[in-house]
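Chemist: Protein chains in written order, with my numbering: chain P, 1 to 170; chain Z, 1 to 804.
For the record, the hints were derived by calculation from the structure and aren't laboratory data. Any given hint might turn out to be false.
Straight-line Cα separation of at most 20 Å, EDC-like style, residue types lysine to aspartate or glutamate; simulated pairs [as the list claims (entries may be wrong)]:
{"#": "1", "chain 1": "Z", "residue 1": "K648", "chain 2": "P", "residue 2": "E133"}
{"#": "2", "chain 1": "P", "residue 1": "K48", "chain 2": "Z", "residue 2": "D705"}
{"#": "3", "chain 1": "P", "residue 1": "K48", "chain 2": "Z", "residue 2": "E395"}
{"#": "4", "chain 1": "Z", "residue 1": "K178", "chain 2": "Z", "residue 2": "E345"}
{"#": "5", "chain 1": "Z", "residue 1": "K688", "chain 2": "Z", "residue 2": "D705"}
{"#": "6", "chain 1": "P", "residue 1": "K48", "chain 2": "Z", "residue 2": "D118"}
{"#": "7", "chain 1": "Z", "residue 1": "K688", "chain 2": "Z", "residue 2": "E133"}
{"#": "8", "chain 1": "P", "residue 1": "K48", "chain 2": "Z", "residue 2": "E117"}
{"#": "9", "chain 1": "Z", "residue 1": "K384", "chain 2": "Z", "residue 2": "D190"}
{"#": "10", "chain 1": "P", "residue 1": "K48", "chain 2": "Z", "residue 2": "E285"}
{"#": "11", "chain 1": "Z", "residue 1": "K435", "chain 2": "Z", "residue 2": "E716"}
{"#": "12", "chain 1": "Z", "residue 1": "K547", "chain 2": "Z", "residue 2": "D639"}
{"#": "13", "chain 1": "Z", "residue 1": "K649", "chain 2": "P", "residue 2": "E20"}
{"#": "14", "chain 1": "Z", "residue 1": "K648", "chain 2": "P", "residue 2": "E20"}
{"#": "15", "chain 1": "Z", "residue 1": "K688", "chain 2": "Z", "residue 2": "E194"}
{"#": "16", "chain 1": "Z", "residue 1": "K785", "chain 2": "Z", "residue 2": "D561"}
{"#": "17", "chain 1": "Z", "residue 1": "K158", "chain 2": "Z", "residue 2": "E145"}
{"#": "18", "chain 1": "Z", "residue 1": "K178", "chain 2": "Z", "residue 2": "E188"}
{"#": "19", "chain 1": "Z", "residue 1": "K610", "chain 2": "Z", "residue 2": "E464"}
{"#": "20", "chain 1": "Z", "residue 1": "K648", "chain 2": "Z", "residue 2": "D705"}
{"#": "21", "chain 1": "Z", "residue 1": "K596", "chain 2": "Z", "residue 2": "D561"}
{"#": "22", "chain 1": "Z", "residue 1": "K649", "chain 2": "P", "residue 2": "E130"}
{"#": "23", "chain 1": "Z", "residue 1": "K792", "chain 2": "Z", "residue 2": "D190"}
Here are some, though not all, of the chain Z residues that point toward chain P, as calculated from beta-carbon distances under 8 Å [said to hold, decoys possible]:
{"#": "24", "residue": "G24"}
{"#": "25", "residue": "T29"}
{"#": "26", "residue": "Y34"}
{"#": "27", "residue": "G86"}
{"#": "28", "residue": "I88"}
{"#": "29", "residue": "E202"}
{"#": "30", "residue": "D518"}
{"#": "31", "residue": "A700"}
{"#": "32", "residue": "S702"}
{"#": "33", "residue": "S711"}
We put the beta carbon where it would ideally sit given N, CA and C, even for glycine.
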Amino acid sequence: MLMDNRQEIVRLRVNGDLREVGVPVHYTLLEALRYGLRLTGSKQGCDKGDCGACTVILDGRPTLSCITPVWEAEGSDVVTVEGLATAEGPHPLQDEFDRNGAAQCGFCTPGILCSAAALLERNPSASRQEIQEALGGNLCRCTGYTKIYDAVEAAGARLAETAAPETEGR
Amino acid sequence: MSDNGRNRRSDLRLIGSPQRKIEGLAKSTGRAVYTDDLDFAGMLHGKILRSPHPHARIVSIDTAAAEALEGVHAVITGADMPTRYGIIPWTPDEYPLCLDRVRYIGDGVAAVAALDEDTALAALELIDVEYEELPPFFDPRAAAEADGSTPYVHEAKKEGRNGNVTKMVHLEFGEVDKRMDASDVVVEGDYFFEGTTHAPIEPHCAIGLWDGVGRLTVWSATQVPHYLHRELARVLELDQADVRVLQPLVGGAFGGKSEPFDLEFCVAKLSMITGRPVKILYTREEVFYSHRGRHPFHMRYRTGATADGRLTSVDAEILLDGGAYASFGLVTTYYSGQLLCAPYEMPAYRFDSTRVYTNKPACGPKRGHGSVQPRFAFEIQLDKLAERVGLDPIEFRRRNFIGEDTRTVNELRITSNGFLECLDAVQRASGWNRKFRSMPFGRGVGVAGSTYISGTNYPIYPNEMPQSAVQMQIDRSGRVAVFSGASEIGQGCDSVVAYIAAEELGVPLEWVRVLRGDTDFTPVDLGAYSSRVTFMLGNAAIDAASKLRALVQDAVAEQWDVGASSVLLADGWAVWAPDTSRRLPIAEAFNLAEAKFGTLGSTGWYNTPKDVHGEYRGGTIGASPAYSFTAHVAEVDVDVETGFVEVKKIWVAHDCGRALNPVLVEGQMEGSAYMGFGEAIMEEQVFKDADHGREGLHNAPSLLDYRIPTSLDTPELESLIVESIDPEGPYGAKEAGEGPLHPSIPAIANAIYDAIGVRMDRLPFTPSNVWRSIRDARVAGSLVKPDGPQVKATAPAEEPIHAD
Numbered sequence: 001m002l003m004d005n006r007q008e009i010v011r012l013r014v015n016g017d018l019r020e021v022g023v024p025v026h027y028t029l030l031e032a033l034r035y036g037l038r039l040t041g042s043k044q045g046c047d048k049g050d051c052g053a054c055t056v057i058l059d060g061r062p063t064l065s066c067i068t069p070v071w072e073a074e075g076s077d078v079v080t081v082e083g084l085a086t087a088e089g090p091h092p093l094q095d096e097f098d099r100n101g102a103a104q105c106g107f108c109t110p111g112i113l114c115s116a117a118a119l120l121e122r123n124p125s126a127s128r129q130e131i132q133e134a135l136g137g138n139l140c141r142c143t144g145y146t147k148i149y150d151a152v153e154a155a156g157a158r159l160a161e162t163a164a165p166e167t168e169g170r
Numbered sequence: 001m002s003d004n005g006r007n008r009r010s011d012l013r014l015i016g017s018p019q020r021k022i023e024g025l026a027k028s029t030g031r032a033v034y035t036d037d038l039d040f041a042g043m044l045h046g047k048i049l050r051s052p053h054p055h056a057r058i059v060s061i062d063t064a065a066a067e068a069l070e071g072v073h074a075v076i077t078g079a080d081m082p083t084r085y086g087i088i089p090w091t092p093d094e095y096p097l098c099l100d101r102v103r104y105i106g107d108g109v110a111a112v113a114a115l116d117e118d119t120a121l122a123a124l125e126l127i128d129v130e131y132e133e134l135p136p137f138f139d140p141r142a143a144a145e146a147d148g149s150t151p152y153v154h155e156a157k158k159e160g161r162n163g164n165v166t167k168m169v170h171l172e173f174g175e176v177d178k179r180m181d182a183s184d185v186v187v188e189g190d191y192f193f194e195g196t197t198h199a200p201i202e203p204h205c206a207i208g209l210w211d212g213v214g215r216l217t218v219w220s221a222t223q224v225p226h227y228l229h230r231e232l233a234r235v236l237e238l239d240q241a242d243v244r245v246l247q248p249l250v251g252g253a254f255g256g257k258s259e260p261f262d263l264e265f266c267v268a269k270l271s272m273i274t275g276r277p278v279k280i281l282y283t284r285e286e287v288f289y290s291h292r293g294r295h296p297f298h299m300r301y302r303t304g305a306t307a308d309g310r311l312t313s314v315d316a317e318i319l320l321d322g323g324a325y326a327s328f329g330l331v332t333t334y335y336s337g338q339l340l341c342a343p344y345e346m347p348a349y350r351f352d353s354t355r356v357y358t359n360k361p362a363c364g365p366k367r368g369h370g371s372v373q374p375r376f377a378f379e380i381q382l383d384k385l386a387e388r389v390g391l392d393p394i395e396f397r398r399r400n401f402i403g404e405d406t407r408t409v410n411e412l413r414i415t416s417n418g419f420l421e422c423l424d425a426v427q428r429a430s431g432w433n434r435k436f437r438s439m440p441f442g443r444g445v446g447v448a449g450s451t452y453i454s455g456t457n458y459p460i461y462p463n464e465m466p467q468s469a470v471q472m473q474i475d476r477s478g479r480v481a482v483f484s485g486a487s488e489i490g491q492g493c494d495s496v497v498a499y500i501a502a503e504e505l506g507v508p509l510e511w512v513r514v515l516r517g518d519t520d521f522t523p524v525d526l527g528a529y530s531s532r533v534t535f536m537l538g539n540a541a542i543d544a545a546s547k548l549r550a551l552v553q554d555a556v557a558e559q560w561d562v563g564a565s566s567v568l569l570a571d572g573w574a575v576w577a578p579d580t581s582r583r584l585p586i587a588e589a590f591n592l593a594e595a596k597f598g599t600l601g602s603t604g605w606y607n608t609p610k611d612v613h614g615e616y617r618g619g620t621i622g623a624s625p626a627y628s629f630t631a632h633v634a635e636v637d638v639d640v641e642t643g644f645v646e647v648k649k650i651w652v653a654h655d656c657g658r659a660l661n662p663v664l665v666e667g668q669m670e671g672s673a674y675m676g677f678g679e680a681i682m683e684e685q686v687f688k689d690a691d692h693g694r695e696g697l698h699n700a701p702s703l704l705d706y707r708i709p710t711s712l713d714t715p716e717l718e719s720l721i722v723e724s725i726d727p728e729g730p731y732g733a734k735e736a737g738e739g740p741l742h743p744s745i746p747a748i749a750n751a752i753y754d755a756i757g758v759r760m761d762r763l764p765f766t767p768s769n770v771w772r773s774i775r776d777a778r779v780a781g782s783l784v785k786p787d788g789p790q791v792k793a794t795a796p797a798e799e800p801i802h803a804d
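Bound-form chain P, shown alone (with noise of 0.2 Å):
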């Protein structure tokens, strides 16, 4: 008797690529992103929904893939950590938790990414209170978090002075 081990296809929207998978029916988004798909930069700290390293964002919001039942993200947007560089480089965030020292160990920083790069995508100015309540769910261990709050307010910089010209365009 094997345990619970029926499978079924799940159709998933990630980083822009459609994606089929097979995977156990009880299995979390953060499951299928990382044993199903390969997807292994969203973290498994807790397995419940406490620390926030396998934050993901789905159509636009930080999610917790650790106690989201994959089936819920079908049909959705998800984006994790590996999706958030172009061709063109790395996302201004993650250059910047690199220039800043934002990631020490470096295990919770792809769940604060994805907590932080919602944030700015909704509000590159976002104060450092705005900041420091985005990320209320994502624990760090390492950094105290100053070095974060500094890495997002540069990259927020960078993004508002890049979306500046745009909007003075249209």
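Fit chain Z to the given chain P structure using the hints.
Modeler: Here is chain Z on its own, set in the frame of chain P:
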């Protein structure tokens, strides 16, 4: 200072300035590989069955039904690996899986390898273990007073002894009683430091791979690949040459992954039985059971001083609640006393420390091993003494400064010491003189200081070999390959060796490659613990790189027909110092050297001084090549209606010798202060009593209920780097990873006192605990702002003073 001037260099190009980490972008793009990210064809998944009882004999284990389950490939029990192990060679007291006795709720008794985790979990349910329950010990005092009428947690090593006592240390330096009696002021206090745990965000994970013909490979999220390597070979009865340990990137550790754990032995054994790769990933709950975190300490201090505020005598009695196993406990027991003897001059000092076993998860080393708890008590003692003699607490600390190039009362050798500058820095930055005893009721500031080791002079197992080593090779492309056995756990040691290679060999940082975390291919480094890595690895890297540099200088000098010392390697060039327009691209310089000397490689190593400690039993424990120094000021706002303590800000000044990369140093300072803040305000690893569930069960083994600070909880943290330039550290560097945690907790306690006149001598300062103290103070009529000191602190110089 005894510095020969070697480290007072002004020619550094890259060392000392902000640099990126070599794996930084991999971490921010999701490409960084951690143990659980690895997958292998045919890999099985393992799970460990854990004891539901805090103390019991294992009468029998029946694994037949589990083995018969479809999808299960192997089941093992303690009998499959009946060799004791332990991180300290003198105190091996654990088996990979319990042999005949379980000692805490969560102790491992059997393990399963199956096709997937679900099947493995189902198999655990089918294992039938018959236990005979034994009376447990939870209270360390009861454990210490046990008379043998019920079984001790471990059998006594000698007939008639209390088996619950794992270590006793009694050391006395100077005339403690005489000086205490002659003191003008004596302060006495009882303190309690609650246990806390590391809670790295990455749970422990390991993968074993037996190749079927004699070689074992284990990947693990460990801080100590070398010690794991040794213990795997010993327990599994393999030659060390046949065991390979690989350390992928580690997602946080803080001391919680610094000894072998059950899962590492289990994946190895299960792979040896099944011939397939086997992975075990701890659940978050298991991380709390595996623990090895901060010991709960019950402490009593008596501290004497003269009327003008000079320490006379210190007397400490400490009871350490060790949990079920020895772990690093022998060292913890020594550290509980040995590391207190700076940055203040202590004419006489005695400590009496006893560590006992209890039926709870084993305690071990957490950031600031064994010295965070006594530092908490002692810095509050100093605050009380300062008040008694009418001195500002910063002034009191200045007056007792031990100095540089000196010895502590317990004969530890102090070299560089920037503690006074640390005090100046936090006093200046925090606006101390405006705030202390001067803010409205409810608001307060507190100060505390500390010291910590930069590695230990003696390794865990006695040997004369280097503590750290690197191998380096350069090739004709200009690249530098570094082979480093050091343990990267997020602190940045892989980057530090790269910075040093680039600095010494004059290549761009991007041309340095670091091969790491593989005991088959890298020289031995003992691991990431005791704040040893940058200090020792850095010196080893300088040694290796300067040997190669000499060859390159020699070859270029010959080509130019100049003296070798006039050839500099910097910024991608070989340059002639007298006329810098004479230059050669560094790759061409490497080609000249390779043509002259052949393929270019070198090894470098570092070993600690072995002649600088006291000649008494235990005198080597606490001996370090250099000591860091720290001062914090914390500012708090206390709500006396709710007991809620809001820490507004912590100013952290740390003497790290030289900041090799100030961004990484600040990161360690901020992370340390954060972790101390968490221990002060909210964290506690506690267990249920009989009235609140199953006695001895972890109260809250989750990251929701074991509270660690979120971004919204964490106060503003300001890092103030002080550089004393140590004579022995690499470029003058000392540690930065653990020292800056220590003062956070007493600084907050002292700030609460400044705010509302209430002493918090027990941790943590949760609203309920603080509120109870406020209630008691209200009844006693002492809930008032304390009076100001007669002698205020001298204002520090406006401009920062640099030691060099």
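Chemist: Z:K649 and P:E20: Cα distance at most 20 Å?
Modeler: 50 Å, violated
Chemist: Assess, step by step, whether the Cα of P:K48 is no farther than 20 Å from the Cα of Z:D118, and give holds or violated.
Modeler: 17 Å, holds
Chemist: Straight-line Cα separation of Z:K648 and Z:D705 no greater than 20 Å?
Modeler: 24 Å, violated
Chemist: Is the interface hint for Z:E202 satisfied, with its Cβ closer than 8 Å to some Cβ of chain P?
Modeler: 4 Å, holds
Chemist: Can you confirm whether the C-alpha distance between P:K48 and Z:D705 stays at or below 20 Å?
Modeler: The hint holds at about 12 Å.
Chemist: Once the shortest beta carbon distance from Z:G86 to chain P is found, is it less than 8 Å?
Modeler: 26 Å, violated
Chemist: Go through the hint on Z:Y34 and say holds or violated, using the shortest Cβ distance to chain P against 8 Å.
Modeler: The hint holds - Z:Y34 has a Cβ within 8 Å of chain P, the shortest such distance being about 7 Å.
Chemist: Taken at face value, is the distance from the CA of Z:E285 to the CA of P:K48 at most 20 Å?
Modeler: It holds: about 11 Å lies between the C-alpha atoms, which stays within 20 Å.
Chemist: Take the shortest C-beta to C-beta distance between Z:G24 and chain P; is it under 8 Å?
Modeler: 4 Å, holds
Chemist: What's the verdict on Z:K435 and Z:E716, does the C-alpha distance respect the 20 Å limit or exceed it?
Modeler: 17 Å, holds
Chemist: Would you check the hint for Z:K648 and P:E20, treating anything up to 20 Å between C-alpha atoms as holding?
Modeler: 50 Å, violated
Chemist: Assess, step by step, whether the Cα of Z:K785 is no farther than 20 Å from the Cα of Z:D561, and give holds or violated.
Modeler: It is violated: about 76 Å lies between the C-alpha atoms, which goes past 20 Å.
Hint check: violations occur at hints 3, 12, 13, 14, 16, 20, 23, 27, 28, 30, 31; the rest are consistent with the structure.
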